[in-house]
Amino acid sequence: METTEKVLVDKNQTQGADTMVKVVNVKKCFGDLEVLRNINFEVKRGEVVCIIGPSGSGKSTMLRCLNQLERITDGEIYIEDELMDKRKNDKTVTRIDADRLQNLRCDLGMVFQNFNLFPHLTVLDNVVIAPTVVRKAKGDAIRQRALELLEMVGLKDKANEYPVRLSGGQQQRVAIARALAMDPRIMLFDEPTSALDPELVGEVLGTMKQLANEGMTMIIVTHEIGFAREVADRVIFMDDGVICEEGTPDQVILHPQEERTKSFLNKIL
Amino acid sequence: MLNSTQSWAIVNGTVITLEIALVAIVFGAVFGVIVALGRISKNKIANSLSWFYVWFFRGTPLLLQLFMIFYAVPIMYLNATGTTFEVDPMVCAFITFSLNSTAYLAEIIRAAIESIDHGQMEAAKALGMNYRQAMQKIIIPQTFKRLVAPIGNELIMLLKDTSLVSTIALFDLLRTVKTMASATGNWVYYLYAAAIYLFLTTILQVIFDKMEVKLGVYEKR
Chain A
1 METTEKVLVD
11 KNQTQGADTM
21 VKVVNVKKCF
31 GDLEVLRNIN
41 FEVKRGEVVC
51 IIGPSGSGKS
61 TMLRCLNQLE
71 RITDGEIYIE
81 DELMDKRKND
91 KTVTRIDADR
101 LQNLRCDLGM
111 VFQNFNLFPH
121 LTVLDNVVIA
131 PTVVRKAKGD
141 AIRQRALELL
151 EMVGLKDKAN
161 EYPVRLSGGQ
171 QQRVAIARAL
181 AMDPRIMLFD
191 EPTSALDPEL
201 VGEVLGTMKQ
211 LANEGMTMII
221 VTHEIGFARE
231 VADRVIFMDD
241 GVICEEGTPD
251 QVILHPQEER
261 TKSFLNKIL
Chain B
1 MLNSTQSWAI
11 VNGTVITLEI
21 ALVAIVFGAV
31 FGVIVALGRI
41 SKNKIANSLS
51 WFYVWFFRGT
61 PLLLQLFMIF
71 YAVPIMYLNA
81 TGTTFEVDPM
91 VCAFITFSLN
101 STAYLAEIIR
111 AAIESIDHGQ
121 MEAAKALGMN
131 YRQAMQKIII
141 PQTFKRLVAP
151 IGNELIMLLK
161 DTSLVSTIAL
171 FDLLRTVKTM
181 ASATGNWVYY
191 LYAAAIYLFL
201 TTILQVIFDK
211 MEVKLGVYEK
221 R
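Chains A and B are the protein sequences, given in the same order. Mapping of the first sequence onto my numbering: position 115 corresponds to residue 115, and the numbering continues sequentially without gaps. Mapping of the second sequence onto my numbering: position 151 corresponds to residue 151, and the numbering continues sequentially without gaps.
Each hint should be verified, as a subset may be incorrect.
Within a straight-line C-alpha distance of at most 30 Å, the following computed BS3-like cross-link-like pairs (lysine-lysine) qualify [claimed, not checked]:
no., chain 1, residue 1, chain 2, residue 2
1, B, 44, B, 160
2, A, 27, B, 125
3, B, 44, A, 138
4, B, 214, A, 86
5, B, 125, B, 137
6, B, 42, A, 88
7, A, 209, A, 267
8, B, 160, A, 158
9, B, 210, A, 136
10, A, 158, A, 136
11, B, 220, B, 125
12, A, 156, B, 214
13, A, 91, B, 220
14, B, 145, A, 91
15, B, 44, A, 156
16, B, 42, A, 156
17, A, 27, A, 91
18, A, 86, B, 145
19, B, 145, B, 210
20, A, 44, A, 91
21, B, 145, B, 220
22, A, 91, A, 158
23, A, 27, B, 44
24, A, 91, A, 138
25, B, 125, A, 138
26, A, 138, A, 156
27, B, 125, A, 44
28, B, 145, A, 209
Partner residues are not named here, just some residues of chain A that face chain B (Cβ under 8 Å, in silico) [unchecked claim]:
no., residue
29, 105
30, 129
31, 133
32, 134
33, 182
34, 244
35, 248
36, 251
Note that these hints are calculated values from the structure, not bench results. In this text the structure is predicted, and so the values were computed from the model without any measurement. Every residue, glycine too, gets a C-beta built ideally from N, C-alpha and C.
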C-alpha cells in the first residue's frame, strides 16, 4: 500500500502531530435544546472513524462543530494539537487569530449530504475555485492538480460540464475532489450517500474507500453500516447527544454492549 | 407630419429620457448592492441605516423626492450658508432617480441573495473562504440570472417614470410632444411618443430576455 503513489492524499502529510482531532467536553445547545452533552473523543493520524446513530442524535452537529459551521456552546476543539476553538456559555474564551483559524479550517475538508456544488461553475472550476481564491494559487499547476483529482474520482471527461448535468453520485465525487483540492489533512463526511439513489451509493463509497486506503484521516457520519464495518478503524455510536459506545467495528457493530446500540442496530440491519 | 425642428425636439426629448433611466439603473445597481449587503448584514448600524434608506425612498413619492432635490435643497443651502448655487435640473434628475432606484434595486438584490441556498455559503466556508470571498465568488454570481427579470422590470418602469422631470423644467419626450400637441391642437403627437416608448421598451425586453437565457446557461440540463 505504501508503494503505490498517493494521488488523492497530499504527499507531505505523513509527518506532524499524531492526534489529528481532539474534542474535549463539548456541549452544543440550540436555545433550550441540548444537542451535544459533554462529548470527548480523539482521532489519530490516518484513522477512519465512522459515527453512527439515530436521526437527531447529534452526529451531524458534532461534525459541523469541528469546522465551525456551528459554534460549540462549551468545550475545546484541537486540530493537530493546535487549539481551534475554546468556548464557555456561547462565548469565545481564547480568541484565535483569523488567519490561523482560516488555515486550520483549510485542514478540514468537508463533504455534504446535498453535495453543495457551485452550480454556476463547471466541474473543473468547482475544484479550482477554492485554491484560487483562498490560496491565490494561479495558472496551470492548480488546473493540472484539479484534473488529476478528477481523474482519480473518475470524472475527468466531465471537467467542462456544469454540475446540473451530472448524476448525484457524480456530483458527490466532484465534491470530494473539490474538498481534496485544498489538500486537507482531515476529511469530514456528513452522510455523503444519504441523498443518493441506491444504485449510485457504491461509486461514492468506492471513492471514499480509495481515500481511506491512501491513509487519509477521515470522520464519516453515515447510515451505511456495511461500509462502516468494512472501512472504519473505529466506530462511534451516538444517541441523544452523547457517545454511547465506541470501539472497533467488530465490537460496536457485531458485539454491541449497550442496549441502545443493540436496539438501533436491530432496527436498521 | 413632423417638420425638422419638431423631429429634433423629439429626438432630444428621447435622449433625455434615456439618459436619466440609464444613469439611474447603473448607479442604482451599484449602490443597490451596497444597501442590500447592509440589509442582510449582522452589523446593527449598517442594518438600520439601510433599512431606513429603503423605508424613506420607497415610502415617499418619486415626485416629492424630485422637488426636494430641485427646490428644497438649494433653499436649505441658501439658509445655511447665505450663498446660492446654480441648479442644473439634469443633475437633479440624475441624483433623484439614482437615489430612488437604489432603494428598489436594493430590495431586489437582497431578495435574490437570500434566495440562494444556504448550503452554498456553508460549502464556501468549509473550503476556507471568508464571508467576502464567498459573497464575491459564489453567492453574488449566482444571483445574476435571478436579477435579470426584476431589473428589466425596474428599468422599464424608470424609463416611463422619467416623464416626471417635466416638472423641473426639463423637456423629456412626453413634455416635448405635449407642448407640440397643445400648440397645434393635434393629438397625433401623443401617438408618436407612445410609439417611441414602446419601441424603447421592446428593445429592452428583447435584450433582457436574451440576457436571462445567457446567464442561466448553467441551469440547462
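Verification of the supplied hints:
1. Simply put, residue 44 of chain B and residue 160 of chain B have alpha-carbon atoms about 36 Å apart, too far for the 30 Å limit, and the pair is violated.
2. Taking the CA atoms of residue 27 of chain A and residue 125 of chain B, the gap is near 22 Å; set against the 30 Å cutoff, the hint holds.
3. Distance check on the hinted pair: residue 44 of chain B and residue 138 of chain A sit about 38 Å apart at the alpha-carbon level, beyond 30 Å; violated.
4. For the hint linking residue 214 of chain B to residue 86 of chain A, the alpha-carbon distance of about 48 Å lies beyond 30 Å, and the restraint is violated.
5. For the hint pairing residue 125 of chain B with residue 137 of chain B, the CA-to-CA distance comes to about 12 Å; that is within 30 Å, so the pair holds.
6. For the hint pairing residue 42 of chain B with residue 88 of chain A, the CA-to-CA distance comes to about 22 Å; that is within 30 Å, so the pair holds.
7. With a C-alpha separation of about 26 Å, the suggested pair residue 209 of chain A and residue 267 of chain A falls inside the 30 Å cut-off, and the hint holds.
8. Under the criterion of a C-alpha separation no larger than 30 Å, the hint pairing residue 160 of chain B with residue 158 of chain A is inconsistent with the structure, at around 47 Å.
9. Of the supplied pair hints, the one linking residue 210 of chain B and residue 136 of chain A is violated, its CA atoms being roughly 34 Å apart against a limit of 30 Å.
10. The straight-line distance between the Cα atoms of residue 158 of chain A and residue 136 of chain A is roughly 25 Å, inside the 30 Å bound, and the hint therefore holds.
11. Distance restraint check for residue 220 of chain B and residue 125 of chain B: the Cα-Cα separation of roughly 27 Å lies within the 30 Å cut-off, and the hinted pair is therefore satisfied.
12. Between residue 156 of chain A and residue 214 of chain B the alpha-carbon distance is near 26 Å, which keeps this suggested pair within the 30 Å criterion.
13. For a cut-off of 30 Å, the pair hint linking residue 91 of chain A to residue 220 of chain B is broken: about 45 Å separates their Cα positions.
14. Among the hinted pairs, residue 145 of chain B with residue 91 of chain A is inconsistent with the structure: their alpha-carbon atoms are about 40 Å apart, more than 30 Å.
15. For the proposed pair residue 44 of chain B and residue 156 of chain A, the alpha carbon gap of about 47 Å is over 30 Å, so the pair is violated.
16. At roughly 41 Å between alpha-carbon atoms, residue 42 of chain B and residue 156 of chain A are farther apart than 30 Å, so this suggested pair is violated.
17. A hinted pair counts as satisfied when its Cα atoms are at most 30 Å apart, and residue 27 of chain A with residue 91 of chain A qualifies at roughly 12 Å.
18. At most 30 Å may separate the alpha-carbon atoms for a hinted pair to count; residue 86 of chain A and residue 145 of chain B exceed this at roughly 41 Å.
19. Among the hinted pairs, residue 145 of chain B with residue 210 of chain B is consistent with the structure: their alpha-carbon atoms are about 11 Å apart, no more than 30 Å.
20. For the suggested pair residue 44 of chain A and residue 91 of chain A, the alpha carbons sit about 28 Å apart, so the restraint of at most 30 Å is met.
21. Between residue 145 of chain B and residue 220 of chain B the CA atoms are separated by roughly 12 Å; this keeps the pair inside 30 Å, and the hint holds.
22. The straight-line distance between the Cα atoms of residue 91 of chain A and residue 158 of chain A is roughly 45 Å, outside the 30 Å bound, and the hint therefore fails.
23. Restraint check for residue 27 of chain A and residue 44 of chain B: the C-alpha separation of about 29 Å stays at or below 30 Å, so the hint holds.
24. For the proposed pair residue 91 of chain A and residue 138 of chain A, the alpha carbon gap of about 38 Å is over 30 Å, so the pair is violated.
25. The straight-line distance between the Cα atoms of residue 125 of chain B and residue 138 of chain A is roughly 20 Å, inside the 30 Å bound, and the hint therefore holds.
26. A C-alpha spacing of about 20 Å is found between residue 138 of chain A and residue 156 of chain A, which places the hinted pair at or below 30 Å, so the restraint holds.
27. Between residue 125 of chain B and residue 44 of chain A, the direct Cα distance comes to roughly 25 Å. Compliance with the 30 Å bound is thereby established for this hinted pair.
28. The straight-line distance between the Cα atoms of residue 145 of chain B and residue 209 of chain A is roughly 39 Å, outside the 30 Å bound, and the hint therefore fails.
29. Because the smallest distance between the Cβ of residue 105 of chain A and any Cβ of chain B comes to about 5 Å, under 8 Å, the interface hint for this residue holds.
30. Contact between residue 129 of chain A and chain B, as hinted, is supported at the beta carbon level, the nearest pair being about 6 Å apart and thus within 8 Å.
31. The interface hint given for residue 133 of chain A is met, as the beta carbon of that residue sits about 5 Å from the closest beta carbon of chain B, less than 8 Å.
32. Using the Cβ-Cβ criterion of 8 Å, the hint placing residue 134 of chain A at the interface with chain B is satisfied: the shortest such distance is roughly 4 Å.
33. This hint holds: residue 182 of chain A has a C-beta 6 Å from the nearest C-beta of chain B, less than the 8 Å allowed.
34. Using the Cβ-Cβ criterion of 8 Å, the hint placing residue 244 of chain A at the interface with chain B is not satisfied: the shortest such distance is roughly 28 Å.
35. This hint is violated: residue 248 of chain A has a C-beta 29 Å from the nearest C-beta of chain B, more than the 8 Å allowed.
36. Because the beta carbon of residue 251 of chain A sits about 31 Å from the nearest beta carbon in chain B, more than 8 Å, this interface hint is broken.
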